[in-house]
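**Q** Spelled out, the chains give:
There are 2 protein chains.
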Amino acid sequence: MQTSTLKQAKLVIEKPPLFEPLDPPSRLLCGPGPCNPHPRVLKALSMQEIGHLDSAFLHIMEETKTLLRYTWQTNNEFTIPVSGTGSAAMEACVCNLLEPGDKFLVGCNGYFGHRLVEMGHRYGASVVSLQVPWGQIFSAEVLEEHIRKHRPKVLALIHAETSTGACQPLKEAADICHHYDCLLVADTVTSISGVPLHIDQWNVDAAYAGSQKCLSCPPGIAPLTFGPRALDKLRKRRCKVKNWYLDMNLIASYLNKNGSRSYHHTAPINMCYGLREALALVAEEGLEQRWLRHERNALLLWKGLAELGLECLVPQQHRLPTLTTIQVPKGIQATAVTSYMLQNFGIEIGNGLGELEGKVWRVGLMGYNSRTEVVKTLLVALQTALLQQGYSFIRPSFM
Amino acid sequence: MQTSTLKQAKLVIEKPPLFEPLDPPSRLLCGPGPCNPHPRVLKALSMQEIGHLDSAFLHIMEETKTLLRYTWQTNNEFTIPVSGTGSAAMEACVCNLLEPGDKFLVGCNGYFGHRLVEMGHRYGASVVSLQVPWGQIFSAEVLEEHIRKHRPKVLALIHAETSTGACQPLKEAADICHHYDCLLVADTVTSISGVPLHIDQWNVDAAYAGSQKCLSCPPGIAPLTFGPRALDKLRKRRCKVKNWYLDMNLIASYLNKNGSRSYHHTAPINMCYGLREALALVAEEGLEQRWLRHERNALLLWKGLAELGLECLVPQQHRLPTLTTIQVPKGIQATAVTSYMLQNFGIEIGNGLGELEGKVWRVGLMGYNSRTEVVKTLLVALQTALLQQGYSFIRPSFM
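From first to last, the protein sequence lines are chains W and Z.
Be aware that the first sequence starts at 1, since it is given in the UniProt record's numbering, and climbs by one per residue.
Be aware that the second sequence starts at 1, since it is given in the UniProt record's numbering, and climbs by one per residue.
Simulated from the structure, these hints should not be mistaken for laboratory data.
Some hints could be false.
A pair holds if it fits inside one copy or across any two, identical chains being indistinguishable in the list.
Calculated pairs, DSBU-like style, for lysine-lysine (alpha carbon to alpha carbon, straight line, at most 30 Å) [said to hold, decoys possible]:
hint	residue 1	residue 2
1	Lys-330	Lys-303
2	Lys-15	Lys-171
3	Lys-103	Lys-242
4	Lys-149	Lys-242
5	Lys-103	Lys-240
6	Lys-303	Lys-10
Taking the hints into account, I'd like the entire structure generated from these sequences.
**A** Have a look at this one:
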């Protein structure tokens with residue numbers, strides 16, 4: 001027994017000094033995410049534990065899948081939470097739907113397109129990166145031209161680019177894809193439940209999302225949906241998915257409602273509670289009401305920004321209501337403003353990512369945080385921070 | 001703007017009927033995990049959100065890493081929580097420490113060895129599976145013989161086999177590995193903080209664990225540690241890690257304490273809170289005290305089982321105090337007993353996994369659940385369930 005071992009080996013790493021009790025500071029999270037979770041979601045996270053094979057848990061999982069189908073507007077049976085963050089769900093699309101040598105066309109109009117390119121390379125796809133300047137979107141004409149030219153097996157587009165705030169239309173893209181026998185994968189991380197999104201009506205073949213944006217759940221679990229054409233591709237793979245943890249063939253047999261569930265990995269039980277509650281809140285509010293709320297508060301923000309003399313990177317026509325990229329005025333140091341806001345008001349807004357670093361701020365009004373009082377608080381705080389940095393402007397009407 | 005889209009597309013998936021409020025049933029989780037989290041951990045999970053780049057979060061991450069080093073008894077700088085479950089951390093070892101063609105020797109004495117074999121194949125390693133019957137362990141002689149024969153780059157051993165309850169000694173194995181310039185990877189999912197474990201003194205090169213066993217945290221975050229030799233192998237890789245999400249080169253640059261942190265993925269903030277609190281509880285109790293508590297309660301369980309005439313699969317010498325596999329007596333249907341216990345007492349014990357299905361029950365006494373009253377409750381419930389199934393035995397002393 002262990003007794004002998006206990007006697008033999010002494011501890012070589014000393015107990016660290018007692019830390020202060022865990023007490024994260026209060027923050028108003030208006031960056032690109034995570035955002036403040038809804039209080040009901042936080043409460044759900046701390047509910048008592050049940051086993052991952054318990055029928056009570058499988059019931060919660062079925063509810064979650066049903067609610068997710070409503071939120072994404074899809075009948076896809078394979079609509080699940082992935083046991084990781086949004087990046088894991090992104091990788092699940094790449095590693096399951098592409099085989100080595102498959103042509104993979106990626107729309108790169110921001111940071112996350114480039115990440116897809118990187119993942120595609122790693123899994124041996126023949127990747128074609130289609131580029132427009134960050135903040136712009138792809139026209140149907142440009143997409144058709146390149147699909148005709150490259151004949152990809154999969155096209156990936158970022159519906160809502162978290163690095164730029166641009167909203168890429170998907171319906172025409174899907175039609176073109178299907179004409180050329182190509183799958184359309186959509187990144188809906190920053191659009192799910194905040195921006196109109198119709199997986200089935202738009203014929204999107206696969207999509208993934210994050211929990212920590214408009215769903216107002218903490219990060220750590222990520223929605224994923226595969227339509228019939230994506231599942232067909234998965235079933236007909238010539239080689240196994242390299243990635244065991246994200247192999248959706250294995251996950252499907254665990255989640256299979258009919259017949260025995262084979263163990264794959266232990267689901268993140270409490271994160272599932274949180275996501276289920278977050279999705280229940282979407283259904284209680286109603287999708288259309290939720291989309292309108294995000295639009296209304298975005299319009300209020302944009303009006304306030306204009307009055308501060310600030311310009312948005314993305315033209316209003318393609319601008320996400322959930323995430324706004326504000327151009328940093330000349331002479332202002334971007335990080336000085338974000339630091340000031342965090343230190344003085346406990347408000348987090350995001351700095352620019354990738355090639356927009358130092359050039360924009362990123363402001364998220366997502367889910368629970370898409371509220372009028374949040375917009376107003378944010379605007380006065382931003383104004384104060386800008387004044388501190390020597391920025392001058394005409395007194396805006398919201399003051 | 002979105003207004004036009006809102007007008008155009010109607011919802012095709014109707015709002016599901018309002019579900020009952022989320023209310024998971026009360027369970028005493030005495031299976032192979034998840035176990036009941038400590039109440040302080042559940043409370044930590046629902047603490048308010050902060051950003052993943054917030055210095056307050058980075059502070060919590062540093063505390064977590066420090067506590068994890070104590071718990072594993074290692075000075076390894078690279079000791080981190082992986083943003084997934086224990087299986088993700090297992091895959092992180094395989095995909096980072098092996099390159100295509102590398103010889104990979106895996107000790108298979110239960111379910112999880114076979115999983116490592118499967119992962120190794122997927123990443124193109126040349127896998128050699130070393131087998132002994134489930135429930136047994138590998139002697140130093142057998143290991144040396146096969147290491148000398150196969151000259152593997154990596155040997156993986158399961159310190160605590162969750163499918164069998166066997167505890168594999170690691171110290172001699174590590175010495176042999178290093179003599180032959182081989183890395184030792186250890187699965188400590190069901191041993192961390194419950195069984196004596198000395199990563200540095202035993203010279204283990206890499207180890208992974210789960211949060212939902214003896215750490216008494218829900219599943220969804222997984223400890224991982226790489227020692228100097230493992231890091232060296234990682235740095236000298238000839239090809240990129242296939243798996244982007246689990247590429248520890250990328251993670252290392254995010255977690256780098258000195259200099260700028262480059263964004264990789266959004267950490268599962270609230271699961272980090274939970275793990276940090278779980279590890280603080282380990283330090284507050286003290287590792288040796290915690291190991292002794294697990295041993296004491298295991299001895300109590302084993303005494304009770306013997307009095308019920310039940311036999312354990314693993315000889316006491318190599319038996320884990322954290323997870324006990326009980327042989328199902330002749331004439332008893334294994335799942336009838338587990339179902340009866342769940343339905344009548346809300347107590348979960350595990351069925352056998354893989355080739356032990358129907359042959360054993362798996363009883364976990366881990367972390368918060370390693371308590372005398374849990375053992376006593378479990379024993380009377382098990383006795384009652386067995387009686388219901390027609391099992392007869394002499395009246396045990398605990399009645």
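**Q** Hint by hint, note whether the structure agrees.
**A** Results for each hint:
1. Lys-330 <-> Lys-303: So Lys-330 and Lys-303 pass the 30 Å test inside one copy only (20 Å; across, 76 Å).
2. Lys-15 <-> Lys-171: between (58 Å within a copy, 22 Å between copies)
3. Lys-103 <-> Lys-242: Both ways: Lys-103 and Lys-242 sit 17 Å apart in one copy and 18 Å across, limit 30 Å.
4. Lys-149 <-> Lys-242: both (29 Å within a copy, 28 Å between copies)
5. Lys-103 <-> Lys-240: Answer is both: 18 Å inside a copy and 20 Å across each meet the 30 Å cutoff.
6. Lys-303 <-> Lys-10: between (65 Å within a copy, 28 Å between copies)
Of the hints listed earlier, there is not a single one the structure fails to meet.
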